[in-house]
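**Q** One-letter residues, chain by chain:
2 protein chains.
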Amino acid sequence: MFVKRPTLVLNSSIAMENIERMQQKADALGIPLRPHFKTHQSLELGRMFKAFGCNRIAVSSLSMANYFSEEWDDITLAFPVNIHEIDLINALSAKIKLNLTVYNLETLLFLENNLKHSVQVYLKINIGNNRAGYPPEASDEILEFCRRVQSCSKLNLEGLLMHAGHSYKCRGESAVLEVHKACMDKILLLRDLLDTEFPQLIFSFGDTPTCSVADSFPGVDELRPGNYVFYDLTQERIGSCNMENIAVALLCPVVGKQDDGETIILYAGGVHLSKDVLLDSMRERIYGRPVIMQEKGWRLLDEANYLAGISQEHGVLKVTEAMFETINIGDCIGILPVHSCMTADLMKQYLSLENMWINKMH
Amino acid sequence: MFVKRPTLVLNSSIAMENIERMQQKADALGIPLRPHFKTHQSLELGRMFKAFGCNRIAVSSLSMANYFSEEWDDITLAFPVNIHEIDLINALSAKIKLNLTVYNLETLLFLENNLKHSVQVYLKINIGNNRAGYPPEASDEILEFCRRVQSCSKLNLEGLLMHAGHSYKCRGESAVLEVHKACMDKILLLRDLLDTEFPQLIFSFGDTPTCSVADSFPGVDELRPGNYVFYDLTQERIGSCNMENIAVALLCPVVGKQDDGETIILYAGGVHLSKDVLLDSMRERIYGRPVIMQEKGWRLLDEANYLAGISQEHGVLKVTEAMFETINIGDCIGILPVHSCMTADLMKQYLSLENMWINKMH
Numbered sequence: 001m002f003v004k005r006p007t008l009v010l011n012s013s014i015a016m017e018n019i020e021r022m023q024q025k026a027d028a029l030g031i032p033l034r035p036h037f038k039t040h041q042s043l044e045l046g047r048m049f050k051a052f053g054c055n056r057i058a059v060s061s062l063s064m065a066n067y068f069s070e071e072w073d074d075i076t077l078a079f080p081v082n083i084h085e086i087d088l089i090n091a092l093s094a095k096i097k098l099n100l101t102v103y104n105l106e107t108l109l110f111l112e113n114n115l116k117h118s119v120q121v122y123l124k125i126n127i128g129n130n131r132a133g134y135p136p137e138a139s140d141e142i143l144e145f146c147r148r149v150q151s152c153s154k155l156n157l158e159g160l161l162m163h164a165g166h167s168y169k170c171r172g173e174s175a176v177l178e179v180h181k182a183c184m185d186k187i188l189l190l191r192d193l194l195d196t197e198f199p200q201l202i203f204s205f206g207d208t209p210t211c212s213v214a215d216s217f218p219g220v221d222e223l224r225p226g227n228y229v230f231y232d233l234t235q236e237r238i239g240s241c242n243m244e245n246i247a248v249a250l251l252c253p254v255v256g257k258q259d260d261g262e263t264i265i266l267y268a269g270g271v272h273l274s275k276d277v278l279l280d281s282m283r284e285r286i287y288g289r290p291v292i293m294q295e296k297g298w299r300l301l302d303e304a305n306y307l308a309g310i311s312q313e314h315g316v317l318k319v320t321e322a323m324f325e326t327i328n329i330g331d332c333i334g335i336l337p338v339h340s341c342m343t344a345d346l347m348k349q350y351l352s353l354e355n356m357w358i359n360k361m362h
Numbered sequence: 001m002f003v004k005r006p007t008l009v010l011n012s013s014i015a016m017e018n019i020e021r022m023q024q025k026a027d028a029l030g031i032p033l034r035p036h037f038k039t040h041q042s043l044e045l046g047r048m049f050k051a052f053g054c055n056r057i058a059v060s061s062l063s064m065a066n067y068f069s070e071e072w073d074d075i076t077l078a079f080p081v082n083i084h085e086i087d088l089i090n091a092l093s094a095k096i097k098l099n100l101t102v103y104n105l106e107t108l109l110f111l112e113n114n115l116k117h118s119v120q121v122y123l124k125i126n127i128g129n130n131r132a133g134y135p136p137e138a139s140d141e142i143l144e145f146c147r148r149v150q151s152c153s154k155l156n157l158e159g160l161l162m163h164a165g166h167s168y169k170c171r172g173e174s175a176v177l178e179v180h181k182a183c184m185d186k187i188l189l190l191r192d193l194l195d196t197e198f199p200q201l202i203f204s205f206g207d208t209p210t211c212s213v214a215d216s217f218p219g220v221d222e223l224r225p226g227n228y229v230f231y232d233l234t235q236e237r238i239g240s241c242n243m244e245n246i247a248v249a250l251l252c253p254v255v256g257k258q259d260d261g262e263t264i265i266l267y268a269g270g271v272h273l274s275k276d277v278l279l280d281s282m283r284e285r286i287y288g289r290p291v292i293m294q295e296k297g298w299r300l301l302d303e304a305n306y307l308a309g310i311s312q313e314h315g316v317l318k319v320t321e322a323m324f325e326t327i328n329i330g331d332c333i334g335i336l337p338v339h340s341c342m343t344a345d346l347m348k349q350y351l352s353l354e355n356m357w358i359n360k361m362h
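Residue numbers (the numbering used here), protein chains in the order written: chain U, 1 to 362; chain A, 1 to 362.
Mixed in with the good hints there might be a few duds.
Identical copies look the same in the list; a pair holds intra-copy or inter-copy alike.
Claimed, not checked - Straight-line alpha carbon distances no greater than 30 Å define the calculated DSS-like cross-link-like pairs of lysine-lysine that follow:
1. K186 to K116
2. K296 to K4
3. K360 to K348
4. K25 to K296
5. K154 to K116
6. K318 to K186
7. K97 to K154
8. K97 to K50
9. K296 to K154
10. K296 to K186
11. K169 to K181
12. K25 to K186
13. K360 to K25
14. K4 to K95
15. K348 to K4
16. K116 to K318
17. K181 to K25
18. K169 to K318
19. K97 to K4
20. K4 to K116
21. K95 to K154
22. K154 to K360
23. K348 to K95
24. K4 to K318
25. K4 to K154
26. K360 to K97
I should point out that these hints are in silico values taken from the structure, not numbers from a laboratory.
Could you put together the complete structure from these sequences and hints?
**A** This is the structure:
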């Protein structure tokens, strides 16, 4: 398989399996799945989810909600409302069920004064990742906020939104399960406290590691993982997936071979892969792992081969002496990304193994 | 100054000063300046360089060479030739003086067999950054390569291309000057060795740190810095510039305030800033430094205020208690980037302080 420039190759069969596996899990648990589409950002890929019965999604920007509103009518913006985008909020809420994330009173008041149509509100809860939202312990403030939302005519209080982003720091399934357990305990406690006054609240919980690893989600009404459609080296390191579950590889032309017999220069830099990095067992920085394209898919090279550095457009691939001899200028080598969401965001489209271009938002 | 979404604001006066300062330095030294345009990627910004007498540029991809060929007729592709782009090479070399970077024999043979028009060739020399090219000590191989190029009818041997990328690891001017001295020593030695047979070779040398800090470049025939048009936090840390020389800031809406009295959530993530990071004196990770917009430009907040984390779309800004009180939802805060080349690459255009949009390649 050859490409002119760095190209994100999609193994649709693997992506399909990933989509199906998560949907089946959610179906078996009886918990609606609302996949986060910030990872793939593609209407065409979105249709694969529909094929397995998915009818609701989450996104991370209003621009993305706008893009997906062409084919989806129930969209959660899992990002705090940006009041400067009120015009687009009003346009979208006239057309679809738009679920917004709010946790600041100022934002709430602004919405109340400026909304033209009803929207659903999710209150953001900081379930442990310490990014944004109310701590679950602040039940008085949470109750007070829920009451405020309920008193606003254009705001329908729909639920609580939680993202266990701290699971990304886990290494291994048992660490993920510990994070998951701590989250579930907090959710059950909060549920108890809110249940009398707000029994209808949807507890929406997400993140690919816990959704991939855990088997039960007591107290959760909606699952919101995203990255699982592609997975990546970070998810493999966390324990969310195997290398065989990774569905995308950046295919890159070889543009140089160093005389040292171990360094290959790829046309593949930070503007294609992003600068996300992992440390290997020797604390070497890894920017990706090389795969050799085959008739159906790709074959991962062993750990002695790795992308050791990237600058704006260059990738520095370290390979074994034996591998070095087999690689020629103009060959195209695939790179499994460290963080597929960021790599997909940077690329303008996908190329399937069947040589079909798949469009995405850009 | 308000923006709807994260927007890269350009302080044109600062950029103009940066462009002028470097041009004057090169002029005073009598060394032609070939600025690297991968940083700004904009025809409109390119015209500022022309105004100061610049007539040649470098780029990091053939796509970029194609974009700039609309207004520039002497372009060096400071990236190893990618043989899959031969059609575009042939189209461009019919139109402009196209200078290519080569250091592998396979690539040379391919070019000889497939070029339709003459191109200039620069041999890539690894001057110490250990990314690509011949080590300067390999003078026999370098001589041999030069002879091979000279024997090819469509290849004009033009010079040697060197990038002191290892200067980016320096902290402080004296460290930069040490790297610079080591490079100059290697260049003078190599020059001596090649001079008898190839007296006309252009020694093209670049990187923003050494070009900003050093006062003389013995043995160098062309300077090729790029980042200096904008500079950034990394360059300030290296010692290439002061905070006052940084010409771009990502302007970001405030979308959240945490109850902790110190955390502000910005609409500004890795998809806008990139994931480049610096460590501060306490080894905290810094993804940017906040500035407050003013009538003419911006005011940098002190080091107690910093962008402490980013995910795909969120930025987590830590501020002092006093600052926290002054910031409201919907305010727009500027972020000086860690690496302006990567941030500029991610953004689709610039907004000037005079509220004019400036286009770039995307």
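**Q** Of the numbered hints stated previously, which ones are contradicted by the structure, given in increasing order?
**A** Per hint list: 1, 9, 10, 16 and 22 violated.
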